[in-house]
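In our numbering, the protein residues as written are 19 to 268.
One or more hints might be untrue.
Claimed, not checked - DEER-style ranges, computed between Cβ atoms:
#: 1; residue 1: Val178; residue 2: Val150; range: 13 to 23 Å
#: 2; residue 1: Gly131; residue 2: Arg101; range: 23 to 33 Å
#: 3; residue 1: Asp31; residue 2: Tyr167; range: 24 to 34 Å
#: 4; residue 1: Trp235; residue 2: Ser79; range: 34 to 44 Å
#: 5; residue 1: Ala47; residue 2: Val179; range: 28 to 38 Å
#: 6; residue 1: Asp31; residue 2: Gln114; range: 34 to 44 Å
#: 7; residue 1: Leu143; residue 2: Trp108; range: 49 to 59 Å
#: 8; residue 1: Ala154; residue 2: Ser63; range: 30 to 40 Å
#: 9; residue 1: Asp32; residue 2: Pro234; range: 27 to 37 Å
#: 10; residue 1: Pro132; residue 2: Arg43; range: 31 to 41 Å
Worth flagging that the hints you see were computed from the coordinates, not collected in a lab. What you are looking at is a predicted structure, and each value in this text was computed from that prediction instead of being measured. Just so you know, even glycine gets a beta-carbon here, dropped at the ideal spot from N, CA and C.
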Amino acid sequence: MVSTDMVGPAPLDDIMAGGLMCAQRWFIACFVLSPFVYYFLDPHSDRRFPATISWTIRKGSAKWTQHLLWGCGWGSALEAMARSGQPLWWQAFAWQFVLTGALACAVFPVGLGPAADLRHHAAALAYMLNHVPMLAHWRVPLLYQAGFYMSLSFFIGINVVQRRIKRAAGLPSHGPGTSSGELRQMLEERKKRDMKRLKGAHSEAAEEYEDGYVAPWVVTMLWWLELAEQLLENALFMFFVFGMNRGAKA
Numbered sequence: 019m020v021s022t023d024m025v026g027p028a029p030l031d032d033i034m035a036g037g038l039m040c041a042q043r044w045f046i047a048c049f050v051l052s053p054f055v056y057y058f059l060d061p062h063s064d065r066r067f068p069a070t071i072s073w074t075i076r077k078g079s080a081k082w083t084q085h086l087l088w089g090c091g092w093g094s095a096l097e098a099m100a101r102s103g104q105p106l107w108w109q110a111f112a113w114q115f116v117l118t119g120a121l122a123c124a125v126f127p128v129g130l131g132p133a134a135d136l137r138h139h140a141a142a143l144a145y146m147l148n149h150v151p152m153l154a155h156w157r158v159p160l161l162y163q164a165g166f167y168m169s170l171s172f173f174i175g176i177n178v179v180q181r182r183i184k185r186a187a188g189l190p191s192h193g194p195g196t197s198s199g200e201l202r203q204m205l206e207e208r209k210k211r212d213m214k215r216l217k218g219a220h221s222e223a224a225e226e227y228e229d230g231y232v233a234p235w236v237v238t239m240l241w242w243l244e245l246a247e248q249l250l251e252n253a254l255f256m257f258f259v260f261g262m263n264r265g266a267k268a
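The task is simple: from the sequences and hints, build the whole structure.
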């Protein structure tokens, strides 16, 4: 009979299991405290809702809260990997993982403009995909892996749908001012301005403009897609965090 220990990655040793448990606690604190600071404590926060994690931690107290707790979490994991004698190539991958996350969160924060947002999204996608080898190496149970993959797939799909809707409606899809609330305000202001200009000379042109204008339901649909995006983004990281130390019990 073949031992299950010889199939796939080796079980986590006590050092690695303890380090991941410590990291898990830091990450859970990050999940709770960062949005709490963003929505309730930081007086300079715009309190956007729905909002991606990247938006809520792009500046202010929430940013430094997330950076500190997230850094402590990965510091615990990296330190445990070194003490438990993990292969150097695997430790190098883990460091690359953390540096990619730092690029997405700290070096290329979201909301600085179309070009900066493209760099942020590229780094953020790379960071999300870097979780995949970790799921296997840490022997994360299939239930958590399935939840992670399903959340990630729907998250990417919804993001693509949002961009296509905005592009079809002639709305900006990158940079500041692209949330559903900001787009709604922008459209209302533009509509008032253009209708006033058109009605002054051509009533028929004004009616045609009214008929061809972006319908309110489009912006409402974008709001619901943003909410789904926020929930799925948090879900995929939660599946990873709550399953990361389960390999010690496998």
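Hint check results:
Take Val178 and Val150: their Cβ atoms lie about 19 Å apart, and the range 13 to 23 Å holds. Here the CB-CB span from Gly131 to Arg101 is close to 42 Å, at odds with the stated 23 to 33 Å. The supplied range of 24 to 34 Å is met by Asp31 and Tyr167, whose beta-carbon atoms lie about 27 Å from each other. Separation of Trp235 from Ser79 is about 36 Å and conforms to the stated range, judged on CB atoms against 34 to 44 Å.
At about 33 Å, the CB distance of Ala47 to Val179 agrees with the hint of 28 to 38 Å. Under the hint 34 to 44 Å, the C-beta atoms of Asp31 and Gln114, about 23 Å apart, miss the expected range. Evaluation of the 49 to 59 Å hint for Leu143 and Trp108 yields a failure: the beta carbon distance comes to about 22 Å. The hint said 30 to 40 Å for the Cβ distance between Ala154 and Ser63, and at roughly 38 Å that hint holds.
Range check, Asp32 to Pro234: about 58 Å between beta-carbon atoms, so the 27 to 37 Å window is missed. Pro132 and Arg43 have their C-beta atoms about 38 Å apart, which keeps the hinted 31 to 41 Å range intact.
Of the numbered hints given earlier, the model fails hints 2, 6, 7 and 9; all others are met.
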